[in-house]
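Based on the sequences and whatever the hints tell you, model everything.
Next come the chains, spelled out residue by residue.
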Amino acid sequence: MKNISLVLLFVVQFFTLYCQTTISGRIAGINGEAVPGANIYFEGTFEGTTSDTLGHYKLTTTMSGEQILIVSFIGFETYYHQVELTGDLLNMDFTLREIKKDLGEVVITVGTFSAGDESKSAVLSTLDMATGSGGFGDISSAVSSLPGTSNAGEEGGLMVRGGERYETATIIDGMAASDAFTAKMPNVPVRGRFSPMLFRGTVFSTGGYSAEYGQAMSSLLILNSIAMPKKDELFFMAHTSGLYFSTTKKWDRTAFSTSTGYNNMGLLYKLVNPNIKWQKIPVSISENLVFRQKIGSNGMLKAMGAYGYDNSAIYYRDLNRDRDVVYALKNHNYFALVTYTDQLGEKWILHSGITLGSDQVRINIQDTASYEKFKKSTELKLSFSGPVSESIHLNLGASLFLKKLDHSFTTQEDDGLFNADFLSPIGAVFAEAEINLSKRISSRIGARLETLPLSGETYLSPRFAMAYKTSRFSQVSLGYGQFYQQAQDDFLIYNNELKSEQAEHLIANFQYRRNSRIFRIEAYYKKYDHLVKYDSLYAIDALSYNNDGDGYAQGIDLFFRDSKAIKNGDFWLSYSLMNSERNYRDYILALVPIYISRHNLSLTYKHYFEFADTYLSAGYSFSSGRPYVNPNISEAEQQYTKACHDLGFSIFHFTEIFGKFTMLFAQVSNVLGTNHIYGYRFATSPDQAGIYRSEPILPVSKRFFLVGIHVSFTGQTDI
Amino acid sequence: MNFKSPSMKNILFLALLLLVANASATDTTYFAVLRNSLALADHEYSVATYQNLANTCDRIIAIRENEWLPHYYRAYAYAFLGYMTKDEEEKDRMLDRAQVSADAAFSMNPGESEIQLLFALICYGRMEINSMIRAATYFPKSDAALERARELNAKNPRIYYLEGKSTLNKPEFMGGGAATALPILEKALQCYKEFKATFDIYPHWGEEESIRLYEECKGRIAQE
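So the sequences go chain by chain: D and P. Per this note's numbering, residue 1 is the first one in the first sequence, and the count goes up by one each step. Per this note's numbering, residue 1 is the first one in the second sequence, and the count goes up by one each step.
There's no promise every hint is true.
Lysine to aspartate or glutamate pairs mimicking EDC-like chemistry, simulated, CA-CA at most 16 Å apart [to be verified]:
| no. | chain 1 | residue 1 | chain 2 | residue 2 |
| --- | --- | --- | --- | --- |
| 1 | D | Lys564 | P | Glu128 |
| 2 | D | Lys231 | P | Asp143 |
| 3 | P | Lys170 | D | Glu610 |
| 4 | D | Lys230 | P | Glu147 |
| 5 | D | Lys184 | D | Asp232 |
Quick look at which bits of chain P chain D covers, simulated, 3 or more residues with Cβ under 8 Å [unchecked claim]:
| no. | region |
| --- | --- |
| 6 | 37-51 |
| 7 | 81-95 |
| 8 | 137-150 |
| 9 | 193-203 |
Derived from the structure by calculation, the hints contain no laboratory data. Glycine is no exception: its CB is placed at the ideal position from the N, C-alpha and C atoms.
Structure representation (structure tokens):
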């Protein structure tokens, strides 16, 4: 018995020794270069090895007979080879063919800059957004350091590629925020109502954007709010122009935040001697409530409520009468937004949302007129997105936007009273497909159908974009689209039947991105049509308004950012060359619009000093002279202002005060102290001497500065 | 046959074992294969040993696609290959692979704290690339992953190792620095001592590095 088992044991051992086969060789690419790290193994087994740095491998097995040897390596075609294992030494070299698939993602970048979101194509970070050198806390200030924007200092907001301010729509969590900027006072730039602290991801589109959005002829600023805060938070900020207080409470699946802001420019204007004479120093209050609730395994309900109040008055020169009048503004703005997102089945996502907005603006011009504009709006939107096949991704949806406007206008001179109101629904459906034609080519084809009963219009706007990966680091993209936007309220109140204004974009770009370096060049051509024209503003007669205006804008935008060349340093440059003419509003012929600078340059450098826990940021911007018509010279010929140079600094120092995370910050603009003149205003009629009186349009103050402190009671504020 | 004879039983058992060990590896537990590659990687921190570990995992996954451990170790290998890579694009690609496997492991074993630590590890790798832009995104993400790991198993020493390491590298004003990191690393060492792996190739990395960081921490505090 014992012997039999011993024999058995030896047989087993002998058998296995006899059958041992060793295969060795080299794995190489087509040009003979070694492929290290390749996986060489027998199909259906764990037996295998990895090629060394010279591409050599050696694999010993006790298996016998026919086996399939697999040679695989990511980025190369897998090689299958049948071998007969006979117990000999085998030598096998393999040549692997590289597949050109590891080019990286091809992302459509035409007309798009993203910031701070998760995508690898982010161009600016959340910190950049929060600390933009143009003005602390204004969401548009960081974005305006990107190419394609005009630095029209008296306007504020975002003016993109020859477009006016109103041509940029602000989108929050997929929904239109119709009054995202404060009400306009003459010569005072508007500011964003929402704190950049509320958002994580920002996408700035300079044109050719998706069919999901409409009612913006030029551009979109897409803001995505924080999904779920990381932790409880409590912080306050105090600076020379105001106070800000925010608190967040987070439960398991629920979170609630509130933030309150108070701004008062009184102290600043005492110190800097503003160009504008204030009868009432600007005071504003803002309140934000944010609620988050996770529902089920993937559902997310976001709700936001915002209230803003502005009150200010300036002495405004009435050039016709050669005296100052008080121009007073009061604005109450309410905005509520609720969105719900959930997963449908495995891969489809449902987005739904509702907004409610109310904007009440009262303007009183001393001895002249007073207006009251009361706008109520609501939007309902539902959309679905998901893949229909591996290479096709669909986005479908519908929205209904309703706007009710009440406007009253009283002139004191002739006791005139004008009242107007209208209700305008805009219905829209859209469909868009993202198609990956190959690993190198991605395209987006979509269309948006909108109907406006007020003007009796229904139109279809096609959108198209594609990107072609030219190498691992570079790609070219192309974009085209038609964009419609309802005529502005200021004109609709006089003439309800005005048609939508229209723009057509054609954009081509090239982008090179490697190791924290981005270079992008983009050329565009934009054609405007059906722009509103009128004989004179505030003409009550409906017939004096028409859609006969048109125009174009064309140019080249350059962007370069390098976050790597200098340790702890970060640098970016934007340059835009812009050419535009329009015959619209009260222009008597095609002219360069007054807000256009032909050359716009912006340089930003940020440096983090580790030893001092300090961020220093320097920004320089240059805008070439802007046109104006001087009726004392010629009604048909444009004059140009001097170019504007602005050098500004921001400094952020991080420290601890009584064990609390504290940030001290200071910002200053126009260090060089240059006198900026944005343009000139002229009286509408000449004085007795036959001269049109004039006044330069100046910045609110020659220089701005801000000094402040931010204290967090709950550790570092998540920016 | 008399199975009662102890020697006989032993010989048969040995023969059986040899048969099993030498037969086609499909019949063997994948643990043995993984154990080997892991031992090599533990022994030498290099591209070769970690690529080998990743390849071993690939072979195991091809057969046992529903086991979380091979996905875990594939992610682990690619995360460290990411750290070893200089080129940023390549680094990102390695981390992409790590992410895919970590996600797969997570879907198979969502209650495992070790997988959360992989997520954190990948975030740290991402931050190495262009931290100026990425820190804002990945710091909160890695913190959240550590937090979830803690919820799942507060005694996992690797939580405190990673937390200690990230704290040590953070500037003081952000709640970092040696003084803050020291108790965390102490806790890591304590947990490493008490930690009992459920099986031998259960994740076990980070102990030596914790000791080294702990000493570095003490050194820095002494200097100040």
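Against the structure, the hints come out as follows:
1. D:Lys564 / P:Glu128: Given pair D:Lys564, P:Glu128 holds - Cα atoms ~11 Å apart, limit 16 Å.
2. D:Lys231 / P:Asp143: holds (10 Å)
3. P:Lys170 / D:Glu610: Cα-Cα ~10 Å, so holds.
4. D:Lys230 / P:Glu147: Roughly 10 Å between the alpha carbons, so the hint for D:Lys230 and P:Glu147 holds.
5. D:Lys184 / D:Asp232: violated (36 Å)
6. 37-51: Our answer is that it holds, as 3 residues pass the Cβ test (under 8 Å) against chain D, meeting three.
7. 81-95: Holds: 5 residues of the region 81-95 of chain P have a Cβ under 8 Å from chain D.
8. 137-150: As far as the region 137-150 of chain P goes, the hint holds, because 4 residues have Cβ atoms under 8 Å from chain D.
9. 193-203: violated (count 0)
Comparing the model with each earlier hint shows violations of hints 5 and 9; every other hint is respected.
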